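As you go down the protein sequences, you meet chains A and B in turn. Per our numbering, the very first residue in the first sequence carries number 1; after that it's consecutive. Per our numbering, the very first residue in the second sequence carries number 1; after that it's consecutive.
Possibly wrong hints are sitting among the right ones.
What the hints assert, rightly or not - Straight-line distance between alpha carbons at most 35 Å, and here's what the computed DSBU-like set of lysine-lysine pairs gives:
hint, chain 1, residue 1, chain 2, residue 2
1, B, Lys32, A, Lys197
2, A, Lys154, B, Lys32
3, B, Lys57, A, Lys135
4, A, Lys240, A, Lys197
5, A, Lys154, A, Lys192
6, A, Lys240, A, Lys154
7, B, Lys65, A, Lys240
8, A, Lys284, A, Lys240
9, A, Lys154, B, Lys65
10, A, Lys135, A, Lys197
11, A, Lys193, A, Lys135
12, A, Lys154, A, Lys197
13, A, Lys154, B, Lys57
14, A, Lys240, A, Lys192
15, B, Lys65, A, Lys284
16, A, Lys135, A, Lys154
17, A, Lys193, A, Lys240
18, B, Lys57, A, Lys197
19, B, Lys32, A, Lys284
20, B, Lys65, B, Lys32
Just so you know, these hints were derived from the structure itself, not from any lab. Just so we're clear, the structure is a prediction, and the values are computed from it rather than from any experiment.
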Amino acid sequence: MRADLAIQAEGLGKQYQLGRFQGGYELLSERIAKLMNRGGNGKGRERFLALDDVSFEVEQGETLGILGRNGAGKSTLLKILSRVTPPTRGSVRIRGRVGALLEVGTGFNMELTGRENVFLNGAILGMRRTEIMRKFDDIVAFAEVERFIDTPVKRYSSGMYIRLAFSVAAHLEPEVLIVDEVLAVGDAAFQKKCLGKMGEVTREGRTVVFVSHNTAAIENLCRSAIVLERGQVVYSGGVKEAVGVYMTQVLSTVTATSLRDREDRGGTGAVRLTSFRVEDDAGKPVVGARTGETCSLVFDYECPSGSPQRNVLASFAISTATGAPLILHRTNFTGDDFDVLPPVGSIRCTIPRFPLIPGTYLITTYIEVGGELADHLTVAAQLDVEPGDFFGTGHTGIAGHSPFLTEGSWSVSESV
Amino acid sequence: MSTELETRTEPTEAPPSTVAPEVARLPELEIKPPGRFSGVGLREIWAYRELLYFLTKRELQIRYKQSYLGFAWALVQPVALTFIFALFFGRLAGLSSEGIPYPVYALGGLVPWIFTSGAVAGATGSLVTDANLIGKVYFPRATIPAAKMLSLVIDFVIAFVFLLLFALVYGVSLHWTAFYIPLLLALDFAVVLGVGLFFSALNVRYRDVFVAVPLLMQLWLFVSPVVYSGALVQGWWRYVYALNPMATVLTGFRWALFDTHSPGLGPTLVSTAVALVLLAGGSLYFRRVENYFADVI
Numbered sequence: 001m002r003a004d005l006a007i008q009a010e011g012l013g014k015q016y017q018l019g020r021f022q023g024g025y026e027l028l029s030e031r032i033a034k035l036m037n038r039g040g041n042g043k044g045r046e047r048f049l050a051l052d053d054v055s056f057e058v059e060q061g062e063t064l065g066i067l068g069r070n071g072a073g074k075s076t077l078l079k080i081l082s083r084v085t086p087p088t089r090g091s092v093r094i095r096g097r098v099g100a101l102l103e104v105g106t107g108f109n110m111e112l113t114g115r116e117n118v119f120l121n122g123a124i125l126g127m128r129r130t131e132i133m134r135k136f137d138d139i140v141a142f143a144e145v146e147r148f149i150d151t152p153v154k155r156y157s158s159g160m161y162i163r164l165a166f167s168v169a170a171h172l173e174p175e176v177l178i179v180d181e182v183l184a185v186g187d188a189a190f191q192k193k194c195l196g197k198m199g200e201v202t203r204e205g206r207t208v209v210f211v212s213h214n215t216a217a218i219e220n221l222c223r224s225a226i227v228l229e230r231g232q233v234v235y236s237g238g239v240k241e242a243v244g245v246y247m248t249q250v251l252s253t254v255t256a257t258s259l260r261d262r263e264d265r266g267g268t269g270a271v272r273l274t275s276f277r278v279e280d281d282a283g284k285p286v287v288g289a290r291t292g293e294t295c296s297l298v299f300d301y302e303c304p305s306g307s308p309q310r311n312v313l314a315s316f317a318i319s320t321a322t323g324a325p326l327i328l329h330r331t332n333f334t335g336d337d338f339d340v341l342p343p344v345g346s347i348r349c350t351i352p353r354f355p356l357i358p359g360t361y362l363i364t365t366y367i368e369v370g371g372e373l374a375d376h377l378t379v380a381a382q383l384d385v386e387p388g389d390f391f392g393t394g395h396t397g398i399a400g401h402s403p404f405l406t407e408g409s410w411s412v413s414e415s416v
Numbered sequence: 001m002s003t004e005l006e007t008r009t010e011p012t013e014a015p016p017s018t019v020a021p022e023v024a025r026l027p028e029l030e031i032k033p034p035g036r037f038s039g040v041g042l043r044e045i046w047a048y049r050e051l052l053y054f055l056t057k058r059e060l061q062i063r064y065k066q067s068y069l070g071f072a073w074a075l076v077q078p079v080a081l082t083f084i085f086a087l088f089f090g091r092l093a094g095l096s097s098e099g100i101p102y103p104v105y106a107l108g109g110l111v112p113w114i115f116t117s118g119a120v121a122g123a124t125g126s127l128v129t130d131a132n133l134i135g136k137v138y139f140p141r142a143t144i145p146a147a148k149m150l151s152l153v154i155d156f157v158i159a160f161v162f163l164l165l166f167a168l169v170y171g172v173s174l175h176w177t178a179f180y181i182p183l184l185l186a187l188d189f190a191v192v193l194g195v196g197l198f199f200s201a202l203n204v205r206y207r208d209v210f211v212a213v214p215l216l217m218q219l220w221l222f223v224s225p226v227v228y229s230g231a232l233v234q235g236w237w238r239y240v241y242a243l244n245p246m247a248t249v250l251t252g253f254r255w256a257l258f259d260t261h262s263p264g265l266g267p268t269l270v271s272t273a274v275a276l277v278l279l280a281g282g283s284l285y286f287r288r289v290e291n292y293f294a295d296v297i
């Protein structure tokens, strides 16, 4: 391996056997049944290539971004780099100690106190005990949980819990750091702090591999990136171009595939969105929303089980075409969670006086049933916004200076 | 003012060298498809000994958090069983206890047996309980069942001290052969480790194991001299009986402490051989499948 490289992956492949991969473990009786049937029909197991001939190099001190839609193989690649699972083909050489952060708070135990969890989690992430002791005060201070450090974490608020968990991870000091999406947690201020910490890490000359759906974060932290599609590298090079390739990919799926057929989704599948449309004030389908006018975003869904689902939270986010977040709406913001969701139907969110200026936006959807993720589509649909008369004056705002329009009135009064 | 500022700016940086000299000395790791045999991996477990320590500590902390009796629970099971066994098998059925009070005799067998069955059963479910860890972080997987077993060693030590006090109260004096106890424990650990690793790995693939193991442990209890004396088995049968290494562990344990009948050299060698086969088989099977735990669990 060349001396200036930190990571060199050559021809990586990972094959899963479908039955095993999706169903997880098998019952002994199933195994026995399979053995009995052996020789009967040859097809039995379906194979699935999660990664196919993936090669790339990362230089010492470089930060590489990995982009790709759900199911493109990003997680599998990270799992191989962090040695959670071995490849079926090919090899990776890594120079230096590897630290992997595939999740925040892995191994945190609710019954243990913050202090106990810091040590346990640190050890799980590969830190030495002396190293944890040395950094302990910094970790606690960064998480801002000093007062509660000897309280069991089950009594923490979710924000405190996540801050502490992230803080342990942020104090890892391996030469090669592998990070998955973990920044998508916590409140905005803390996210910013974490991004700052990540920036510090990259400036310190450490090698980082970073996966995120947040293209803005990727552009911020990385100079180069690779784009994965169906387990293969479809682009490798500068981050700007990579984001471009990724966004084209995303848009092409959105327009080409109906929601029903999308496979790049997460969640249990208890509810599945099948289509999206925009309706106007009168409930008539329209091409897009119109600035300043009432519109409804309508998501048709079905519950594959055929029975109604209880305690359903629905949510969607609108972002710019480059992925910068703009609007988030959730049923629990407005106290509108659905107690019962009929087996087939439409979920509707009505927005009076639509505030975004004309342009093309992206919609990401997220549905929870009983607190468990049921359906998640990163970029479920494209939303077109057409010019409208927001202020009732005929003025449509000035593009590029105000992504949003808000109501307001001007007046002047004379000081006496 | 401005000139001052300018003169104070950093000295011109040295041209960035392409590779810092320390980089070349970093350890290099190669990740590739695993071979069929990869050794037992003791060196790696040693490298992760601190994780083993923290996982063991976690087991103890969770088990005894918010518990009023705390570590006294380590005594509840052996004492309760001793009471029942003494009543039914000692008093009513009148089983032989080789001249020492039956309660002491029963507890002498129950203390190592409860450790053995608890450690095997605990290890069996341990990997699945920590599925989340296995899917997200790399470390030698054997640390998880090992931590479970180690945490039960603490319970065993408490129960063992209690056993010694219990014997004193009944006026049973200890014999010099008690110095053999560490060897017998080594034999017991070999069995526990081999069987525990095997079942824990098998349970990742087949959840049936977790259901079957408690039943298996009950059957194992009755083919081991816990309730009754191993002296019931005579002649050639002693060698057959010794194919169950727990027969030697339990008979030996009582022999060492109370000078009851000895397991005999021949049967002990048979048991040792079986225990080593179990240990080797269990750990090799574990090593062969541990790479794929994250995919299957």
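Does B:Lys57 pair with A:Lys135 here, judged by a C-alpha cut-off of 35 Å? The given pair, whose Cα atoms are some 21 Å apart, holds under the 35 Å limit.
Holds or violated: B:Lys65 and B:Lys32, Cα atoms, limit 35 Å. The hint is violated at about 42 Å.
Within a Cα-Cα threshold of 35 Å, do B:Lys57 and A:Lys197 meet the stated pairing? holds (31 Å)
Is the hinted pair A:Lys135 and A:Lys197 satisfied, with a Cα-Cα distance of at most 35 Å? holds (15 Å)
CA of A:Lys193 to CA of A:Lys240, is that 35 Å or under? With a Cα-Cα distance of about 24 Å, the restraint between A:Lys193 and A:Lys240 holds, given a limit of 35 Å.
Regarding the pair B:Lys32 and A:Lys284, is the alpha-carbon distance no greater than 35 Å? violated (57 Å)
CA of A:Lys154 to CA of B:Lys65, is that 35 Å or under? Answer holds: A:Lys154 to B:Lys65 is near 13 Å, not above 35 Å.
Hint check: A:Lys240 vs A:Lys154, CA-CA at most 35 Å. Holds or violated? Given that 35 Å is the threshold and the Cα spacing comes to 42 Å, the pair is violated.
Verify the proposed pairing of A:Lys154 with B:Lys32, using a straight-line Cα cut of 35 Å. Judged against 35 Å, a Cα distance of about 40 Å means the pair is violated.
Has the given pair, B:Lys32 with A:Lys197, been kept, meaning a C-alpha gap of at most 35 Å? holds (32 Å)
Can you confirm whether the C-alpha distance between A:Lys240 and A:Lys197 stays at or below 35 Å? holds (22 Å)
Taking 35 Å as the top limit, are the C-alpha atoms of A:Lys284 and A:Lys240 close enough? violated (39 Å)
Hints 2, 6, 7, 8, 15, 19, 20 from the earlier list are contradicted by this structure; the remaining hints agree with it.
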